[in-house]
Structures are given as C-alpha cells and as structure tokens.
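Going down the list, the protein sequences come from chains A and B. Here this note's numbering is used: the first residue of the first sequence is 7, the next is one more, and so on. Here this note's numbering is used: the first residue of the second sequence is 8, the next is one more, and so on.
It is worth saying that the hints were derived from the structure and are not from the lab. Fair warning: there could be bad hints in the mix.
List of simulated lysine-lysine pairs, DSS-like, C-alpha gap at most 27 Å [stated by the list, open to error]:
hint, chain 1, residue 1, chain 2, residue 2
1, B, Lys161, B, Lys114
2, B, Lys33, B, Lys461
3, B, Lys203, B, Lys73
4, B, Lys114, B, Lys457
5, B, Lys114, B, Lys169
6, A, Lys33, B, Lys169
7, B, Lys439, B, Lys461
8, A, Lys102, B, Lys114
9, A, Lys106, B, Lys161
10, B, Lys375, B, Lys458
11, B, Lys33, B, Lys458
12, B, Lys114, A, Lys106
13, B, Lys399, B, Lys327
14, B, Lys461, B, Lys375
15, B, Lys375, B, Lys439
16, B, Lys375, B, Lys457
17, B, Lys169, A, Lys102
18, A, Lys33, B, Lys161
19, A, Lys106, B, Lys439
20, B, Lys169, A, Lys109
21, B, Lys161, A, Lys109
22, A, Lys33, A, Lys106
23, A, Lys106, A, Lys57
24, B, Lys161, A, Lys102
25, B, Lys461, B, Lys114
26, B, Lys431, B, Lys375
27, B, Lys487, B, Lys399
28, B, Lys487, B, Lys327
Reference excerpt, derived from the structure (chain B facing chain A, CB under 7 Å, subset only) [stated by the list, open to error]:
hint, residue
29, Phe138
30, Glu145
31, Phe152
32, Lys161
33, Val168
34, Met179
35, Leu182
36, Thr183
37, Ala186
38, Tyr189
39, Gly190
Ideal Cβ positions, reconstructed from N, Cα and C, are used throughout, including at glycine.
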Amino acid sequence: MEVLLAIMIGVLYAAGIYMILRRSLVKLILGIIILGNGANLLIFLLGRVVKGSPPIIPADSEVFLSVYADPVPQALILTAIVISFGLQSFAIILVKRAYKVVKTDDLDEMNAIDKDS
Amino acid sequence: MTQQLVFYPLLLQMLLSIMLMFSWRKISWQRVISIVGSIVNVAVAILLFSYIWQNGTQVVQAGNWKAPFGIIFVADTLSATLVLLTAIAGVAVSSFSSASVVAARLKFGYFPIFHFLLLGLNGAFLTGDIFNLYVWFEIIIISSFVLITLGGEKAQLEGSVKYFTLNILASMIFLTAIAVLYGLTGSLNMADLALKVAAIQNRGLVEITAILFLIAFGIKAAVFPLYFWLPDSYHTPPSAVAAIFGGLLTKVGVYALIRVFTLIFVGDVFLENIILVIAILTLFSGGLGALVQNNLRKVFSYLIICHIGYMIAGLGLFTKLALAGTIFYLIHDIIVKTNLFMVSGLVFRIRGTNSIRNLGGLYADYPKLSLLIAIPLFSLVGIPPLSGFWPKISLIIAGFEEQRWWVVGAIIFASLVTLIVIAKVWASIVWKERVDLPRRPNFRYFARLKKVRKAQMIAPIVFLSMVSLYIGFGAEQIQKVSTRVADELIDNNQYIDAVLGPQQNLDHEE
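One chain only, chain A, in its complex shape (with noise of 0.2 Å):
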C-alpha cells in the first residue's frame, strides 16, 4: 500500500510540476489542481497509513493499547483541501478574466508589463 500511495505521490508532483512549466493557462491550473492532490496525498502518507484501527480508547482503558489510526493527519487534509479549492476557484476566474482582457492564454504573449517601463 505503501510503495504505490509513494510511486502515485511522485506521479501526481511529476505531472503537476510538468504541466505548471508549460505555457498554456489552462494546463497551469490543472498543475496546481494535481500538485495540491499530491501534497495533500503525501500528508496522509506520511502520517502513517494504518488499516481498521481508529482512535477510540476502549471503555475499560486509560490509554491506547494498540497502534492507531493518527487523526491530525485528515484533519490537516481536510484543511488543506478547503484551502485550495478556494484557491483554485479563484484561479480559474482570475484565468478567465485574464483571458479576455489579454485574449491569448499563452504566457509568453503577456509581457505587456515588460514594455511599458
């Protein structure tokens, strides 16, 4: 479970990475989209993948006798993923916007900043 979630992490930063480096603005978005998947994947790697065992005490007890399931690491997930999904919405619009004021999505044709000086 381990070495695919790691080989998937290194795919999905590849392809972020990749598509961030191109000079389309659509595939800029859609890099960030699967570098924040990656990072947020990584996270829950990294917290120690555990199978079936949640943070629960049992009644009788005072502390965990078994390896559990660490809960920090979904919270930060779950905060993570709220982020960049906000994030993300604005990019597209901002995208969008940039879009039709500048009329081409290729990075490279914006350099109107670099004229004016």
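Starting from the known structure of chain A, fit chain B onto it as the hints suggest.
This is chain B only, laid out in the frame that chain A set:
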C-alpha cells in the same frame, strides 16, 4: 484579561473587516471605520508590545488544549515588534488609500480585504504552530490576490497571473515540507518540533526538509533565484496596495525564515553556508536589477529584493550581533519601503506617470514635498545618522568577526548601488528640468484633489518619515529592542520553556 492580550490584534482586525463588509457600498463610512480602526489597532499593538517588553514571552493556548497538542499563539519580542510595525504601516496605508485609491475600486471591497490581509499578517507573526502558520499564509495570499487583481486592468491581470502562480507553488512546497516534518516528528508545535528535530539521527532528511522550507519561504521573501515574480507584479496594482505588499508581504517570508531557522533547524553549517550564498547573490542581483530600470516602482521593487539580502545575510552569519542587525534592518525596512511606495503613488498623482525619464521639476513645483521625500529616500541609503546606517554597521562588524569577506563585500557593494540608484532617482524626479507631458483627460491630478484628500495622502508620508527619523536618531532604543530579540533567537530555550514549561524541556534532554 491580560493573557488574552495576544489575541486582541487579531480580533480587532477581524471585527473591522466584518464591520466594513456590512457597509459594503458606503465608501465614506468605510474610510472612517478603516482609519479609526487602524488607529485603535496601533494603540492595541503598543499595549501588547509594552506588556511583552515588561513580562517576557506570553503564550495563549486556544481552547485551553495544552501545548504541544493544541494550537498555540506565542508573543515573544520579535512577534510583538512585528505586530506593532504592521499596525504602524497599516494606519499609514489605510489613510493613504482612502485618498489615492479610486472610488470604483473602493466600492468592490478594497477595505474589508485590506483588513483581512492585516489579520493574516498578525496571525502569521503570532502563531506558534507550523500548520497554523500555513493557514495564515493562505489568508494572506488570498487577500493579496484580491487586492492585486481589483480593478482588472490588463497589466494588473498579467502581473497577477505570475504573482498567483509563484505564491501558490510556494504554498504547495510549504505544505510538502510540513508533511515531511510531520512524518519525521509527529508534531506541529514549533517549540516541540525544535526539541524533536534536534533528536533525529538522520541529519540528511532534516537538511532536505529544511531546504524545502527555505525554498517555500524564499519564494515569499523573494530571494535570489526565486524573485522574478516580484518586479513583474508589484508595480501593477494601485500604489497603496504596492505599499503594503512591499512593506510587509516579503517580510512575512523573512520572518518565517528567521523563525524556522533559529528555532527548528539550528546549528547546521551546510544550511548556514547556503543561506549566506543566497544572501550574497540576492544583494548583487537585486542591486544590479535596480540600476537598469526606468519605472520608479520597478526600481523600488528591485531595491526590495536587494535589501532582503541584508536580512538573510544576518540570518546566515548567525551571531548575536548579526541577528540584531537583521532585526534592526527589518524594523527600518518595513517603515521605509511602505513609505517609498506611497511616495511613488504621490509622484504618480502629481505627474500622471511613474517613468523616470518623464518625471522632473518636482523641487520647482513642490519644494516642501521634495524635502519630505528626501527623508525616506536617504534613510534607505543609510546616510548616517538616518535609519539604514545602523543595522549595516552591525552586519559588517559581524561579517568581520566571522571572517566572511564575501558577505562584507556584498553588503558594501549593495549599499553603493543603492546610493547610486537613489541619487539617480533623486536627480531625475526632483532636480531635472520638468518634462512637459500631455495632460491626461480623466486623471485625478494631485492639484485637483480636495484639501482633505491631499492631507490624507501627505499625512501618512509625514508620519512614516517621522518614524524613520526616530529609528535613525533614537537608534539606541531600537538597538536595545533588536539585541533583546537576537538574545531570544540565539537561545531558543527561552521560547521552548515559555511554550512547554521548563520541566518538559529537561525531560527531553535526559
């Protein structure tokens, strides 16, 4: 009551944003609420600072969850100082933007977002939890995205695409670093991390994590290979926005670097060397970039990058004197850079352009204003006894003591370049013959503004110039603050003890 003092700057900014949202289209109300609220904020920040100064580091545990399990807010002297500086810059920019930002932008929620940005800044300075720091960073960047795109001009949108991409990439790298760090230690509390990271045997993994943090915060702070987004985007939004960005946003990156590399990743020679190399290259490239620019705000943008180098150099040298220099420079730089971008906004309102070639004759038309502008410009160069001079002395002495000749050379070189750039700027906008430009029809020139608006633009510049003069002439006081901060940073046990209690610390050492 006094313990909750740490929260007050956060609560106040949040309250202000909510109040401003309820008066959405009523701009005149928003102006009043924002300026009055910012003045109250300065008072709260002074209260917090003086309380911390007398009683030492304060810790508040959210929901009374004991550290290291809950999220905590820590106010040490560094945090309190930065909250105070944020408040000072905030009140100045609030007044400046109510006069210089056009009504159409104000109607679309400029002020509420501005106060959300300040909320994020205060939160980032006060939090003691690394994931919480990430959340505050996100609040800062989402507010800054709105501020930088508000208005939707062509150049603004192009600049914001670059700004957006690099910032979100930095956040992803930051998140990755947190993931790796959590995997290594199982903790998120910064004081607890400091103890646990020190105990890890596999130093290679720790160094890689540290480098991830260095890249993430380096993009935010705009250090050498990662700064290209800054000069491409900072001159596109209104100058009031650029003022708060230039003054405070890059400094959050510097703060995060200082916090992480004095608390969690300490005493690694490899990392210190990397930081020093980055600092030297930042000093060179920012300085050389500023030399060739012709847009006033682009010149200032490159100078931001150049001067980030000083602070990073102090962090890399890592002696008490060097860190004191870094903190002093941070205090000086926040005030001066905010002021300079407001000056560029003022010049833009007077002449209708920011191109150095087309500016000129300011002294002939506005002699008193020209003298006022001289204060921030020459403070930046650091002509003694103005404020930029003192921290550079500390840094150079520290460089000599550590025998890092390249660092000393780079600091002196960057000072020289700054002098040349500022002399060029001064000569061309103040002394040069006035260039006759075609009058722009619907432009609100400074001369046409109402008296109240003129006062709202000039007053913050006067205020920040006075603060700059105080930093220069009252350097002894500021040096005292910086030395105390450096003391706390060098001996990170003070921070750890304040958060976890002295007993816990002892347990770990045994």
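Here's how the hints hold up against the structure:
| no. | hint | verdict |
| --- | --- | --- |
| 1 | B:Lys161 with B:Lys114 | 20 Å, holds |
| 2 | B:Lys33 with B:Lys461 | 21 Å, holds |
| 3 | B:Lys203 with B:Lys73 | 17 Å, holds |
| 4 | B:Lys114 with B:Lys457 | 20 Å, holds |
| 5 | B:Lys114 with B:Lys169 | 26 Å, holds |
| 6 | A:Lys33 with B:Lys169 | 14 Å, holds |
| 7 | B:Lys439 with B:Lys461 | 24 Å, holds |
| 8 | A:Lys102 with B:Lys114 | 22 Å, holds |
| 9 | A:Lys106 with B:Lys161 | 10 Å, holds |
| 10 | B:Lys375 with B:Lys458 | 16 Å, holds |
| 11 | B:Lys33 with B:Lys458 | 21 Å, holds |
| 12 | B:Lys114 with A:Lys106 | 23 Å, holds |
| 13 | B:Lys399 with B:Lys327 | 14 Å, holds |
| 14 | B:Lys461 with B:Lys375 | 14 Å, holds |
| 15 | B:Lys375 with B:Lys439 | 16 Å, holds |
| 16 | B:Lys375 with B:Lys457 | 19 Å, holds |
| 17 | B:Lys169 with A:Lys102 | 15 Å, holds |
| 18 | A:Lys33 with B:Lys161 | 21 Å, holds |
| 19 | A:Lys106 with B:Lys439 | 41 Å, violated |
| 20 | B:Lys169 with A:Lys109 | 17 Å, holds |
| 21 | B:Lys161 with A:Lys109 | 10 Å, holds |
| 22 | A:Lys33 with A:Lys106 | 17 Å, holds |
| 23 | A:Lys106 with A:Lys57 | 49 Å, violated |
| 24 | B:Lys161 with A:Lys102 | 13 Å, holds |
| 25 | B:Lys461 with B:Lys114 | 20 Å, holds |
| 26 | B:Lys431 with B:Lys375 | 20 Å, holds |
| 27 | B:Lys487 with B:Lys399 | 16 Å, holds |
| 28 | B:Lys487 with B:Lys327 | 12 Å, holds |
| 29 | Phe138 | 6 Å, holds |
| 30 | Glu145 | 5 Å, holds |
| 31 | Phe152 | 6 Å, holds |
| 32 | Lys161 | 5 Å, holds |
| 33 | Val168 | 6 Å, holds |
| 34 | Met179 | 5 Å, holds |
| 35 | Leu182 | 4 Å, holds |
| 36 | Thr183 | 5 Å, holds |
| 37 | Ala186 | 4 Å, holds |
| 38 | Tyr189 | 6 Å, holds |
| 39 | Gly190 | 3 Å, holds |
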